[in-house]
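Hey, can you work out the whole structure from these sequences and the hints?
Residue numbers (this note's numbering): 32 to 217.
Hints were generated in silico from the structure; no laboratory data involved. This one's a predicted model, so the numbers in the text were calculated from it and none came from an experiment. Ideal placement from N, C-alpha and C gives every residue a C-beta, glycine not left out. Any given hint could be a false lead.
[Unchecked claim] Pairs of lysine to aspartate or glutamate, EDC-like flavour, derived with a Cα cap of 16 Å:
id: 1; residue 1: 212; residue 2: 202
id: 2; residue 1: 212; residue 2: 193
id: 3; residue 1: 114; residue 2: 135
id: 4; residue 1: 165; residue 2: 216
id: 5; residue 1: 91; residue 2: 134
id: 6; residue 1: 91; residue 2: 133
id: 7; residue 1: 155; residue 2: 45
[What the hints assert, rightly or not] Distance ranges between label pairs, derived from CB positions:
id: 8; residue 1: 209; residue 2: 134; range: 38 to 44 Å
id: 9; residue 1: 155; residue 2: 69; range: 32 to 38 Å
id: 10; residue 1: 212; residue 2: 149; range: 22 to 28 Å
id: 11; residue 1: 216; residue 2: 72; range: 41 to 47 Å
id: 12; residue 1: 55; residue 2: 203; range: 22 to 28 Å
id: 13; residue 1: 76; residue 2: 198; range: 35 to 41 Å
id: 14; residue 1: 120; residue 2: 217; range: 22 to 28 Å
id: 15; residue 1: 140; residue 2: 47; range: 34 to 40 Å
id: 16; residue 1: 82; residue 2: 61; range: 33 to 39 Å
id: 17; residue 1: 60; residue 2: 155; range: 16 to 22 Å
id: 18; residue 1: 79; residue 2: 157; range: 35 to 41 Å
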Amino acid sequence: MNTYNLQQKINGKEILKGSTLFREIHLVKDNNERLVAELNQEYRTPNEVLTYLENITDQKIDDSVVVSLPFYTDFGKHIIFGKNVFINQNVQFVDLGGIEIEDDVLIGPMARIISVNHIIDPQKRRGILPQAVKLKKNAWIGTNATVLPGVTIGENAIVAADATVTKDVPDNVIVAGTPAKIIKEI
Numbered sequence: 032m033n034t035y036n037l038q039q040k041i042n043g044k045e046i047l048k049g050s051t052l053f054r055e056i057h058l059v060k061d062n063n064e065r066l067v068a069e070l071n072q073e074y075r076t077p078n079e080v081l082t083y084l085e086n087i088t089d090q091k092i093d094d095s096v097v098v099s100l101p102f103y104t105d106f107g108k109h110i111i112f113g114k115n116v117f118i119n120q121n122v123q124f125v126d127l128g129g130i131e132i133e134d135d136v137l138i139g140p141m142a143r144i145i146s147v148n149h150i151i152d153p154q155k156r157r158g159i160l161p162q163a164v165k166l167k168k169n170a171w172i173g174t175n176a177t178v179l180p181g182v183t184i185g186e187n188a189i190v191a192a193d194a195t196v197t198k199d200v201p202d203n204v205i206v207a208g209t210p211a212k213i214i215k216e217i
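Following this line, the structure appears as structure tokens:
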């Protein structure tokens, strides 16, 4: 399966439970869950972590990327890592819609980056709606923060601990709260 084409095909489109595409996604997801379980099963050197992440994402990851374990992702194939990225422990990615992490991004422990939501219509609720998330250069996602589908976090922006980001964050600001609001310009 060409995962790049899959992401282009699904982003922003409803995928209904039971559809061929829904089943195809879950085949990839099942294999990814095995790799993630192996990754988190025991101590791994930084090089071993990167090797696992390359297998999970099907892409080369720069040696400057540091991911502390445990690390979780449900789909795995739609994560793009920039250079000099640091991801702390217990971070959760729901990446079917795509998660792009530009250079120098920091992600605090227990943060959640979510690129998929369920459909609002009660008749379709078991279906999903993927929407890409982008973390621009030098962004910092604080401890236990949540970034929801379709959101872009601006360059140099800071998402405070425990914030829930429901809409785009401009460059050079700090956001906090639920829903996150701008509290300071940098």
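Here is what the structure says about each hint:
1. 212 with 202: It holds: about 13 Å lies between the C-alpha atoms, which stays within 16 Å.
2. 212 with 193: Given pair residue 212, residue 193 holds - Cα atoms ~12 Å apart, limit 16 Å.
3. 114 with 135: holds, 6 Å
4. 165 with 216: violated, 20 Å
5. 91 with 134: holds, 15 Å
6. 91 with 133: Cα-Cα ~14 Å, so holds.
7. 155 with 45: Since the Cα atoms of residue 155 and residue 45 sit roughly 9 Å apart, the hinted pair holds (cutoff 16 Å).
8. 209 with 134: 38 to 44 Å: Check failed, 28 Å falls outside 38 to 44 Å.
9. 155 with 69: 32 to 38 Å: Given a distance of about 34 Å, which is inside 32 to 38 Å, the answer is holds.
10. 212 with 149: 22 to 28 Å: Because 25 Å falls inside the window, the suggested range holds.
11. 216 with 72: 41 to 47 Å: Once the Cβ atoms are compared, 44 Å apart, the range 41 to 47 Å for residue 72 and residue 216 holds.
12. 55 with 203: 22 to 28 Å: violated, 40 Å
13. 76 with 198: 35 to 41 Å: holds, 39 Å
14. 120 with 217: 22 to 28 Å: holds, 26 Å
15. 140 with 47: 34 to 40 Å: Since residue 140 and residue 47 have Cβ atoms about 35 Å apart, the given range 34 to 40 Å holds.
16. 82 with 61: 33 to 39 Å: About 21 Å separates the Cβ atoms of residue 82 and residue 61, which means 33 to 39 Å is violated.
17. 60 with 155: 16 to 22 Å: holds, 20 Å
18. 79 with 157: 35 to 41 Å: holds, 37 Å
In summary, the structure is inconsistent with hints 4, 8, 12 and 16 from the numbered list given earlier, while agreeing with the others.
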